[in-house]
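Asker: Sequence:
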Amino acid sequence: MATNALIYKKFRCIIGKANLFKRENGGNVMNVLVINCGSSSLKYQVLDMTGEKLLCKGLVERIGMEGSVINHTKIGMDKVSTVVPMNDHKDAIAQVLAAIQDPETGVVASLDEIGAVGHRVVHAGEKFADSVVIDDKVIAALEECVELAPLHNPPNLYGIAACQELMPNTPMVAVFDTAYHQTMPPKSYLYALPYEYYEKYGIRKYGFHGTSHKYVAQRAAAMMNVDINDLKIITCHLGNGASVSAIKHGRVIDTSMGFTPLQGLVMGTRCGDIDPAIVTYIRQKENLPQGKANEILNKKSGVLGISGVSSDFRDLEDAVAEGNERAALALEIFAQKVRFYIGAYIAEMNGVDAIVFTAGVGENDVNMRELICTDLGNLGIKLDIMRNKVRGKETFVNTEDSKVKLLLIPTNEELMIARDTFNLTKNL
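When you number the sequence shown by numbering that gives the first Met the number 0, it's gap-free, plus one each residue, and the end is 427.
A portion of the hints provided could be inaccurate.
[Unchecked claim] Pairs of lysine-lysine, DSBU-like flavour, derived with a Cα cap of 35 Å: (1) Lys186 / Lys402; (2) Lys336 / Lys42; (3) Lys231 / Lys425; (4) Lys284 / Lys56; (5) Lys186 / Lys126; (6) Lys298 / Lys199; (7) Lys381 / Lys425; (8) Lys126 / Lys52; (9) Lys89 / Lys42; (10) Lys56 / Lys186; (11) Lys136 / Lys425.
[Claimed, not checked] Derived DEER-like restraints, expressed as beta-carbon distance ranges: (12) Gly322 / Asp47: 47 to 53 Å; (13) Ile277 / Gln163: 50 to 56 Å; (14) Tyr190 / Val132: 47 to 53 Å; (15) Tyr197 / Glu142: 17 to 23 Å; (16) Val365 / Asn224: 42 to 48 Å; (17) Tyr194 / Gln163: 37 to 43 Å; (18) Gly350 / Pro84: 52 to 58 Å.
Hints were generated in silico from the structure; no laboratory data involved. Glycine is no exception: its CB is placed at the ideal position from the N, C-alpha and C atoms.
Whenever a hint applies, use it, and build me the whole structure from the sequences.
Answerer: Structural data, given as structure tokens:
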């Protein structure tokens, strides 16, 4: 791949062509680039939205660190890994744009063929209830939300800034993890704290994984051949980070994650719901410095903390097979908490038509799905043991006489981002 300096020069040469290309094509270019920036990593995809076809995908790792690398895969070809210095997100974006234009492994002849860029943004607070075309006002609003997501929003903003600099004539769209949950009523999102804390600091339940919950809920309705507005759906995004959402007639009415992703289910390294007094108690007993308790709750708890083995559910199942009782207990506690939220949301919606399992654990862990669904027969939930022996495939896993449909749906957040991006920019 070219050096960063040569890449920047190439971009300056083609900017003029982009406007001409888009004018000649009515502004309706079908390829969408999806960008998901982390603090030191970046995931990307290019999709042809004429048929929602994935053209390529990749992962940039170790941004700003020694040994930074871009792993690029054109669909139908082997992955290509290139170690190249990347000091910041601008360098990383430049490498991505070079990769997608590479004569051998790229998918576009030039950036003229990218109609829009969709950016995953973690937190929009109460400012946006849907995806939005990015302008200066949107950037300012996202900067105001940095204090709500200090680890996530800054790299998301870095990625947007880099793309705007390198692709100044290409429309950008922000797709938010929190937006889908903005339909929750106050009785679901407010905490029983002095109301002034909500008014002054925005302390409330926001929920996360919204793009995933939205995608699988829509797919569930399509698979059932029923209008989503006529359904009550519980979506279970179960991975190292995990959350459950109650979606009634197409609108989220509750979700398990809260002000931060720490609330709700037991997760890989997050504790989930606990008595808040525990935090003060542990700080006093352990004489913890400022911030240490937060690190323990977020990075050293969950199934890792219970088992002492791993945050990876595959490692835990291996440990269970070897007779590790704490690993077995960790899995049982995880399953019990998922069941707890399923039961709560059935009560909250006064019934349920479908329960969806998605994300790494939900899609692939046969044993965990069985463990979660055990003893839910009185709620009309019956898992078919044989149908359930499947991984990573769209399918129904309920028995014929189950009153509730049980679906396994691999999530596709990038496709959801691309759809929103295309729909918001196709007429620009």
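Asker: Confirm or reject each hint.
Answerer: So, going through the hints one by one against the coordinates:
1. Lys186 / Lys402: Holds, at about 29 Å.
2. Lys336 / Lys42: Judged against 35 Å, a Cα distance of about 31 Å means the pair holds.
3. Lys231 / Lys425: Measuring from Cα to Cα gives roughly 32 Å; hence the hint holds.
4. Lys284 / Lys56: Status violated; Cα separation ~48 Å.
5. Lys186 / Lys126: holds, 19 Å
6. Lys298 / Lys199: holds, 29 Å
7. Lys381 / Lys425: violated, 43 Å
8. Lys126 / Lys52: holds, 32 Å
9. Lys89 / Lys42: holds, 14 Å
10. Lys56 / Lys186: violated, 41 Å
11. Lys136 / Lys425: holds, 21 Å
12. Gly322 / Asp47: 47 to 53 Å: holds, 50 Å
13. Ile277 / Gln163: 50 to 56 Å: 44 Å Cβ-Cβ, so the 50 to 56 Å window is violated.
14. Tyr190 / Val132: 47 to 53 Å: Roughly 33 Å apart at Cβ, these two residues miss the hinted range, so it is violated.
15. Tyr197 / Glu142: 17 to 23 Å: Given about 21 Å between the Cβ atoms, the range holds.
16. Val365 / Asn224: 42 to 48 Å: violated, 26 Å
17. Tyr194 / Gln163: 37 to 43 Å: Holds - the Cβ-Cβ distance for Tyr194 and Gln163, about 39 Å, lies within 37 to 43 Å.
18. Gly350 / Pro84: 52 to 58 Å: Because 57 Å falls inside the window, the suggested range holds.
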